[in-house]
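Novice: This is what each chain is made of:
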Amino acid sequence: MSTSAATTAPPAAATAQETSATVEFRQVRRAFGAAVALDGLDLAVRPGELLALLGPSGCGKTTALRMLAGFETPDFGDVMVDGEDVTAVPAHRRDAGMVFQSYSLFPHLSAADNVAFGLRMRKIGVAERRARAAELLELVGLPQHGDRYPHQLSGGQQQRIALARALALRPRVLLLDEPLSALDAKVRLTLREEIRRLQRELAITTLFVTHDQEEALSMADRVAVMHAGRLEQCAEPAELYAHPATAFVAEFVGTMNRIPGRTGDDGSVVEVLGRRLPVDGPQAAPHREVEVLVRPEAVELLADEEGKARVTGTMFLGALTRITVRLADGTVVKADMTTHAAATFPAGAAVTVGLPDHPVLIDERRA
Amino acid sequence: MAGLTSLRNDTSLWRGGRKPRLRAGRGTILVVSAAYFAVPLIASVVYTVDDPVKGFTLSAYTEILSADGFLSALLLSLELATATIAVMLLLLVPAAIAVRLGGPRLRAVVEVVCSLPLVVPAIALAAGLTTVLKWGPEYLARTPFYQTIVALQNPNFPIVLTLAYVVMALPLAYRALDAGLRTLDVATLMEAAQNNGAGLIRAVTSVILPNLRAALLNATFLTLALVLGEFTVASILGFQPFAVWIVNGSNGAQGSVTIAVSVLSLLLTWGLLLMLSTGGGRRPTHEPRPTSGPHNEKEGTT
Amino acid sequence: MNANTGRRRAATGPQRHQPLARWAVVPLLLFVAIAFGIPALAMLGGAFTTSDAGPGTAVHYTTGNLTASLQGAYFTALLGSVKLSLTTALISTVVGLLLAQAVVTSRHGMLRHAVLSASGVLANFGGVPLAFAFVATLGNAGVLTQHLGLDKAGWSLYSFWGLVLVYLYFLVPLMVLTVISSLDGLRAQWREAARNNGATTWQYWRYVALPVLAPSLLGGFVLLFGSAFAAYATARAMVGASVPLITLQIANTLGGNVFAGQGNVGLAMSLDMVVVAGLVMAVYIPLQRRSARWLV
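Residue numbers (my numbering), protein chains in the order written: chain A, 187 to 553; chain B, 13 to 314; chain C, 28 to 323.
What the hints contain is simulated information worked out from the structure, not anything from laboratory work.
Small disclaimer: the values here were computed from a predicted structure and weren't measured.
No residue lacks a Cβ here, since even glycine has one placed at the ideal position from N, Cα and C.
Don't take every hint at face value.
To be verified - Here are some chain A residues pointing at chain C (derived, C-beta under 8 Å):
id, residue
1, A255
2, F262
3, G283
4, S296
5, R308
6, I310
7, Y427
8, T432
9, F434
10, F531
What the hints assert, rightly or not - What follows is a list of derived Cβ distance ranges for each label pair:
id, chain 1, residue 1, chain 2, residue 2, range
11, C, R316, A, T432, 40 to 46 Å
12, C, T132, A, Y289, 16 to 22 Å
13, C, L138, A, E379, 46 to 52 Å
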């Protein structure tokens, strides 16, 4: 095997952040029998950024991550790290630290020995191993827990140790495979911030796989939404939320209303709720029955005794309250407003529903 | 790109060279093991049907029935098995259920008691039993206990063997029953049954036992296999059930008849155990192992 | 975390206790006290008293039986049993692990089912028929012995290695059953985490898999040792007395094949066996616990 060139110290990268690596998937395809996990994935990760791979289960996000770690090989296409194809490099020389979903700590080793495991594999001396393990335990906020065994640690602590272990070999890329999904809600929140802080501090290029859109939006520099083995959209969280490129992204990220409408004489306008609004993104043929996608916070409600819509329920969310409205044709629409304003819309109240004068996304009518 | 592609091809070559080697290693292990376990069985059958003079013959099997003492030995073993299973179930089923209802201390006591026989190998148990039985004529000759000792050793039905076999079956049978009960929430089931108006006994017989069918079968089959194959205690105490007869009693018969009997008894026992591991052992939960718990309880048969 | 749930269960348990429950256990305890306790005490007492030379002779306390049981032919037999048990347990542990690993890594569900069923059957069976099956195969007149001319090559089934070969027949399946659930318990994440930390396949086995399996393997080894140590029927039916084994010696002294008055030495040897079996369990149980903690 003459692949050592790819695994030795990273070549001086001509990027802004000198130590951080770039990662790129090019036309990557992978099928397991008849099931296509990746169907021509193209994705570039910038140096030092935290990129979340978001999508429903089976969308191929984990396969992409495991490919980078060397646990899967592409049927077609290249996986590049710093411009070099790494598909030929075996997993144990990939230089990519990985944190698994859960239970990945070696049960027979103490926390410190778990962290130092990779150094031991590299035949690094005991003293240096200890020092580095202590340093890493400090980094993840568990300096006192080095002697504990995995079964003596809570789930959150185990994942911190796993994170320290993944960083022990100073990898060029950090891979996180749903590391928070097995944890309690509260621990999940603190660990989110912790991971983000560490990642910024180390400026390490990071791929984070998750099916939790809130997690992805709150942590990542950019979010790549995947669907059926393909990349739907890769953008910054705010952009992704405000301007979803496809209907799938629109609905997967955040909550989305689907209100029936009809395209105008050309496909660039749509008639909805008695108004004509410009169409954003992909257009449909003229005079077609479509559905208009609107975020709950964009929906306007007006108390109106003549109104054909009825409030059917309210859900208190804290500062905001989500009001459910049934339109005359039976369509259910959700509208978010401040809890204070929502007080004027009790259940059963008659209202009219309005939309702001912004371009809207449309999608084919569903049955 | 060309360079990268060729690198990948190297990898696939490398992988291609490695996987078959692993598979070959696995294949070798499986084939050698299969041969080791199959050859003695096949050879035994060949031995019994292949007469050096007459060639192929089934006479070894037909002669079994007429062999001296065969039927009485087999009958004795079956009787012992029946009695052992009955006593074992009567003692263990209430205890195993009670353990699920009682506190952790009760559970610990029963587990220790049922594991005790593991510490005393069959031959040591037999040694202890011979000592006790010798007390009869020596110390108890003039007491009412003498009749008890005599009755224990009645050669037509040696109760003492049943006692020993129940003791030897305890660890195995208890574990089988306990594994079955583990899948049930006995306390809740009992409360539900009693809440619906069933008495204590009725709750056990109508709710717990039907759910325990597989575990009961498990315990029964394992005990049956143990008794049918038991040689150590019976031979030391001087009785002649089936396994002892094969070694001692059939000496008069031809060698091939002896082998034929043991082939039949192998098949019989294996049939029973296979039934257990495929049919009877099927539980509502996915239990991958055909039998449960550590297996050193089987000293008696080895 | 496990400790917590255990404690919680123990804490909530007492509220649901049925006071009647302990009465259901009484018959079992009484039975064990009589059928197991009396012979065990008789053996213990006999091991420490002089053998009765006949009715009316006074019985004395002595440690002579135990001393005798650890000397001469008796000690040779004890050593023979230990040697046979160690050898068979060691071979079975290695072979059983390899076989179980071959089954676990195989993608054929049928193979797994077949091997597990067969192991369940074979592990629970040994004894006389097994001995005779090997006699018919590899004995002096055995099918393989005759066809392959093994006797001319100096092969004898009625020897130490012959016994080893036969014992493996029930010990290897026992090991497969013991170790296969542990192999299933080895998480894929551990292998991948090890690889991810730069471990080669060999290093993964050396530093992760084998250490994690160690309690289970050791526990299995000890269990096999105990099984082989206590086995009597197979050896008795096969070799008679040509290989010195403690079980055969005990049977001899009890059967009166030696001088009168030696019976209690047999009881002392039985006590030796109980001590060994007790040690086996004392080693096995903590190993089992540790393995369960790691591999569940």
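Novice: Does each hint fit the structure? Answer for all of them.
Specialist: Hints versus structure:
1. A255: holds, 6 Å
2. F262: violated, 23 Å
3. G283: holds, 7 Å
4. S296: Violated - the Cβ of S296/A stays beyond 8 Å from chain C, reaching only about 13 Å at its closest.
5. R308: holds, 6 Å
6. I310: With Cβ-Cβ at 10 Å, over 8 Å, it is violated.
7. Y427: Violated: closest Cβ of chain C sits about 33 Å from Y427/A, beyond 8 Å.
8. T432: violated, 33 Å
9. F434: violated, 30 Å
10. F531: Hint violated; F531/A Cβ to chain C Cβ min 46 Å, cut 8 Å.
11. R316/C - T432/A: 40 to 46 Å: violated, 54 Å
12. T132/C - Y289/A: 16 to 22 Å: holds, 20 Å
13. L138/C - E379/A: 46 to 52 Å: holds, 49 Å
Figure legend: structure checked against the earlier numbered hints; hints not met, in rising order: 2, 4, 6, 7, 8, 9, 10 and 11.
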